[in-house]
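Student: Put the complex together from the two separate chains, hints included.
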Amino acid sequence: MAAFPIISNFQYDFVLQLVPVDTENTMDEVAAAAAHHSIGRRVAAQPDKVLRVRKQGADDFFPRDMKVADSGLEATETIDIIFADE
Amino acid sequence: MAMIERTEWYDLLRATNWTPKYVTEDELFPEEMSGHRDIPIEDWETYDEPYKVTYPEYVETQREKDAGAYSVKAALARDKFLDRADPGWISILQAHYGALALAEYGAIVGEARMARFSKAPGNRNMATFGMMDETRHAQLQLFFPHANCKLDRKWDWAQKALHTNEWAALAGRHFFEDIIHSRDAISMGIMLTFAFETGFTNMQFLGLAADAAEAGDHTFSSLISSIQTDESRHAQQGGPMVKLLVEKGKKADAQRLIDIAFWRSWKLFSVLTGPMMDYYTPMEYRSQSFKEFMEEWIVGQFERSILDLGLDKPWYWDEFLRSLDETHHGMHLGVWYWRPTVWWNPRAGVNPDEREWLEEKYPGWNDTFGKCWDVIIDNLVNDKVELTLPETLPLVCNMSNIPIVGAPGNGWNVKDYPLKYKDRLYHFGSEPDRWCFEQEPERYADHLSFVDRFLAGMIEPADLSGALKYMGLAPGEIGEDAYGLAWADIYKEMAHKKVS
Numbered sequence: 001m002a003a004f005p006i007i008s009n010f011q012y013d014f015v016l017q018l019v020p021v022d023t024e025n026t027m028d029e030v031a032a033a034a035a036h037h038s039i040g041r042r043v044a045a046q047p048d049k050v051l052r053v054r055k056q057g058a059d060d061f062f063p064r065d066m067k068v069a070d071s072g073l074e075a076t077e078t079i080d081i082i083f084a085d086e
Numbered sequence: 001m002a003m004i005e006r007t008e009w010y011d012l013l014r015a016t017n018w019t020p021k022y023v024t025e026d027e028l029f030p031e032e033m034s035g036h037r038d039i040p041i042e043d044w045e046t047y048d049e050p051y052k053v054t055y056p057e058y059v060e061t062q063r064e065k066d067a068g069a070y071s072v073k074a075a076l077a078r079d080k081f082l083d084r085a086d087p088g089w090i091s092i093l094q095a096h097y098g099a100l101a102l103a104e105y106g107a108i109v110g111e112a113r114m115a116r117f118s119k120a121p122g123n124r125n126m127a128t129f130g131m132m133d134e135t136r137h138a139q140l141q142l143f144f145p146h147a148n149c150k151l152d153r154k155w156d157w158a159q160k161a162l163h164t165n166e167w168a169a170l171a172g173r174h175f176f177e178d179i180i181h182s183r184d185a186i187s188m189g190i191m192l193t194f195a196f197e198t199g200f201t202n203m204q205f206l207g208l209a210a211d212a213a214e215a216g217d218h219t220f221s222s223l224i225s226s227i228q229t230d231e232s233r234h235a236q237q238g239g240p241m242v243k244l245l246v247e248k249g250k251k252a253d254a255q256r257l258i259d260i261a262f263w264r265s266w267k268l269f270s271v272l273t274g275p276m277m278d279y280y281t282p283m284e285y286r287s288q289s290f291k292e293f294m295e296e297w298i299v300g301q302f303e304r305s306i307l308d309l310g311l312d313k314p315w316y317w318d319e320f321l322r323s324l325d326e327t328h329h330g331m332h333l334g335v336w337y338w339r340p341t342v343w344w345n346p347r348a349g350v351n352p353d354e355r356e357w358l359e360e361k362y363p364g365w366n367d368t369f370g371k372c373w374d375v376i377i378d379n380l381v382n383d384k385v386e387l388t389l390p391e392t393l394p395l396v397c398n399m400s401n402i403p404i405v406g407a408p409g410n411g412w413n414v415k416d417y418p419l420k421y422k423d424r425l426y427h428f429g430s431e432p433d434r435w436c437f438e439q440e441p442e443r444y445a446d447h448l449s450f451v452d453r454f455l456a457g458m459i460e461p462a463d464l465s466g467a468l469k470y471m472g473l474a475p476g477e478i479g480e481d482a483y484g485l486a487w488a489d490i491y492k493e494m495a496h497k498k499v500s
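Those protein sequences? They're chains W and Y, same order as listed. Residue numbering for the first sequence is 1 to 86, as defined by this note's numbering. Residue numbering for the second sequence is 1 to 500, as defined by this note's numbering.
Honestly, the hints are just simulated from the structure, not real lab data. It is possible that part of the hints are untrue.
Stated by the list, open to error - Among the chain W residues that face chain Y by a calculated CB cut under 7 Å, a handful are: (1) Phe4; (2) Ile7; (3) Tyr12; (4) Asp13; (5) Leu18; (6) Thr23; (7) Gly40; (8) Gln46; (9) Pro47; (10) Lys49.
Where a beta carbon is used, it is the ideal one built from N, C-alpha and C, also for glycine.
So that you can see chain Y by itself, here it is in the shape it has in the complex (with noise of 0.2 Å):
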């Protein structure tokens, strides 16, 4: 039987909008969850989603994509690329999982909102492919670090971490919350599907993927660069939301939205991604820096497609390039240090080598950085390994929940970003972060960082016993550097022949 072309008759079986006769039409939309913004019903139904895609096409597509990823993953299980992978990529991947495969699960609900109360046909159809897609995903995510878990108990954090008040999974709680699972389905559109999917996602997913080439893990690339084939069809959601409002004299609204989840993106991936890219990752299977990735994926990418929308590049656009140099390292350099308090084992990457790849990278670094590292690297070459452990907590930002870092050594920058709200004293770590609080202070004020729960007494004892378990990381789980400190071997033997 001859099919007529998809195009023929794709915009009448989008066309799903009809008059409602037993309830209103507010009733049927409420603009909490949906978000019209009074955009009148019609003007909606222009939207017109870039990426198009019918449910037969989407169960012949996915099939052949989960078969790839699938049978990958069981042609490479006997190849064993676990036993003899350099453990900073192990703790990539525990830090990956952990901290992804459950946000991907909360996607799911943010997909299924707009799938409901979108006015806008489009969306709602492309949203029931993105609810899939997320349940592909966290399945994706779970499954695949599951095989692992007799291997090693940071493994089971890929399903544990998000349950947990780690600090990390705090912060990324925080995150999703705000820009998933409290917001109206047009705002979580722009700030979930524009702002993270199509600016921030394609760094962890294929910058990653192509050091993942590189280092030989084939299953993890085919993985998330499958994962992203999905991404890029559902992240374009946001986009014609956009152009509506901007159109319907609500750019605005469109721009505070961008420059809240976009600063908001930026922050989690300076301390998931950044030190991923520059220090996790074996410094022969580095692509490119993190700074790198960075400047193709989002300062050229991202950049255009903000501005081709008719919106400006967000106000603080020069403070975010400027950071791109300093803040990772700091958050590598605080993750490494408070190290028991993650569920990986950071891997401090820090050889002579790497301090020289990281000086070509970042002009600078051994100036600044490398200065708390040269004390870090006598202690170990003195055996004094207590001091290389943290005896009391760092400030976290009341907005991202990670730590407030600065520049170190000869570019001492290091600020706090206080504000006073209702008689209470917050903490940010930028002026963006606290210009984010200050959109909606109300939405925030109640929160209470890990600081502040251990000032309020929430963490017992008050102590780094108490804090672990506050945070659920049990012995099997509590971070270690990556290679039990050998990598200090090297400075061991340089001191050992300057002295003779």
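Extracted from the complex, chain W is given alone in its bound form (with noise of 0.2 Å):
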């Protein structure tokens, strides 16, 4: 349990954020405090599809279960947040 901080770049955002979220959090969870900060903001929300989260510029997304402690990433490292149909 520790404050990490990763960077969202979400998408069909104008800019990257910061976004504290915990080493416990599953992506799920790191999607979703990434969309509080541009869903209904400057982006439209997309009920139909689901949040995924990938570092930036991979191919692959990271597991919807995977907590940040086991995905590798490092503090302040980008993220891109990406609606998808699963």
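Tutor: Given below as structure tokens:
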């Protein structure tokens, strides 16, 4: 349980943002934390989609239930948050 | 008494080098301050400034200019233009003075370094006048806004801004300290006078003067065009430096300095001048778009002057041209959304007519930036103002110290340009920003951006109130929407009509 800063590159938003999460958070929780600062502020919600997380530019998403502590992410590393079908 | 023509004695007058007897030449002109690059002093003596003036001419001309600028101000004081000016125009003035007044003062120091340490007598001579020019600019741009302090605390930021840790002030200081205050006289001459002054200041001081005249702000228009006449003279100092460096086989050195200073200047202008021209200036006063002004002054004129001096276009030129359609829109959206963190009141500039203008000048704007504004407008129509204000920090670039932005919506291309240097992760807003850092990492490595400071616990409490306190922004100074969000009323009416 430790505070962990990540940088959110939220799909369709215009700017990178600092999002504080926790090392015990799952990727779903990280996506939700990032969404708070983008969806409904500058990005329209897409209720039929799921938010997935990947390292910036990576091909594959992290598993939704993977914890930050197990992801290999470094503090302030930039992650893309993407609207996906699943 | 008949006077000899200036052309007959000018070259003699400025030949002020001598052979030192009591110290060595190196002691008189240490490389760290002088930047002579082991080019022989005889070669520095061939430096020829294009724009020449003598002291009596200088005094007479400058006196006339000041009489003009101050008398226009005095004459128009009764007109009380500011009482009826568009709030967006007021914001332009407050942002301009805050960002620039003390930077002009800083430029005095840069000119002074050339006046003392350049091996080129012509350069020392012109830099002495340059010092006086920048003194004038600092004084004018403190004196003019000072009269307005009685109207509103934000006018006091003309003097205050660059003493604070407000994020745009941090960005300004990082830039000016890099190109003026921490370099030898020649490097500084190339970066400040050639890259920044001949390149970009025409945008702010002539492009904006045109808009000011349209807006009826003749005090400001006459002030900044008067300032720019001085600039045209002292900005000429860098060109002959570049010419000499190229002749002496140091083209790569000159090229690198210009490539760094040009990109850094561009980023500063994207956050300051871009929003002013395309969003804060009421539409009917916009002579040209920001991109059009940039194409005229920078792409047209400056590009030509680089090539004339035997240099190449900066390596990132294509990326620079591409970003003219994009970067400043993101900077504007960021400054508006994070408006409590600036010392002026940002004007949104996105009513339906304005969005049409933006689409015309920047095809695709509605499909990208417009998509973000759609969500913001929707929130304002539904009285959800809290969603139009931030709850976290944007990531700022470790070079420019301004937000890392890109195109949103259907053209989404936002990207971090990270770099690991000595176990620390840095973030940059573009490839050229990262490249600037890589040219001399130790120059920049210890600097903490606003976000770095936040993460290091330097901002207490670690929330907006702590950030505002850290930035020196008090009530009355904290930015708000220029119209108090009244511009959204037109969208409320449209929504109401749709429903009924």
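Student: Compare the structure with each hint and give your call.
Tutor: Verification of the hints:
Of the supplied interface hints, the one on W:Phe4 is violated, with its beta-carbon coming no nearer than about 11 Å to a beta-carbon of chain Y, more than 7 Å. With a least beta-carbon distance of about 5 Å to chain Y, the hint placing W:Ile7 at the interface is held under the 7 Å criterion. Hint status for W:Tyr12: holds, given a least beta-carbon distance of 5 Å to chain Y, under 7 Å. At a threshold of 7 Å, the smallest CB-CB gap from W:Asp13 to chain Y is about 6 Å, leaving the interface hint in force.
For W:Leu18, the shortest C-beta to C-beta distance to chain Y is roughly 5 Å, which falls under 7 Å, so the interface hint holds. Interface restraint check for W:Thr23: the shortest CB-CB distance to chain Y comes to about 15 Å, outside 7 Å, so the restraint is violated. Checking W:Gly40 against chain Y by beta carbon gives a least distance of about 6 Å; that is within 7 Å, so the hint holds. Residue-level restraint check for W:Gln46 is violated (minimum Cβ-Cβ distance to chain Y is 12 Å; threshold 7 Å).
For the restraint placing W:Pro47 at the interface with chain Y, the shortest Cβ-Cβ distance is roughly 15 Å, beyond the 7 Å limit, so the hint is violated. This hint is violated: W:Lys49 has a C-beta 15 Å from the nearest C-beta of chain Y, more than the 7 Å allowed.
Hint compliance for this structure: hints 1, 6, 8, 9 and 10 are not met, and every other hint is.
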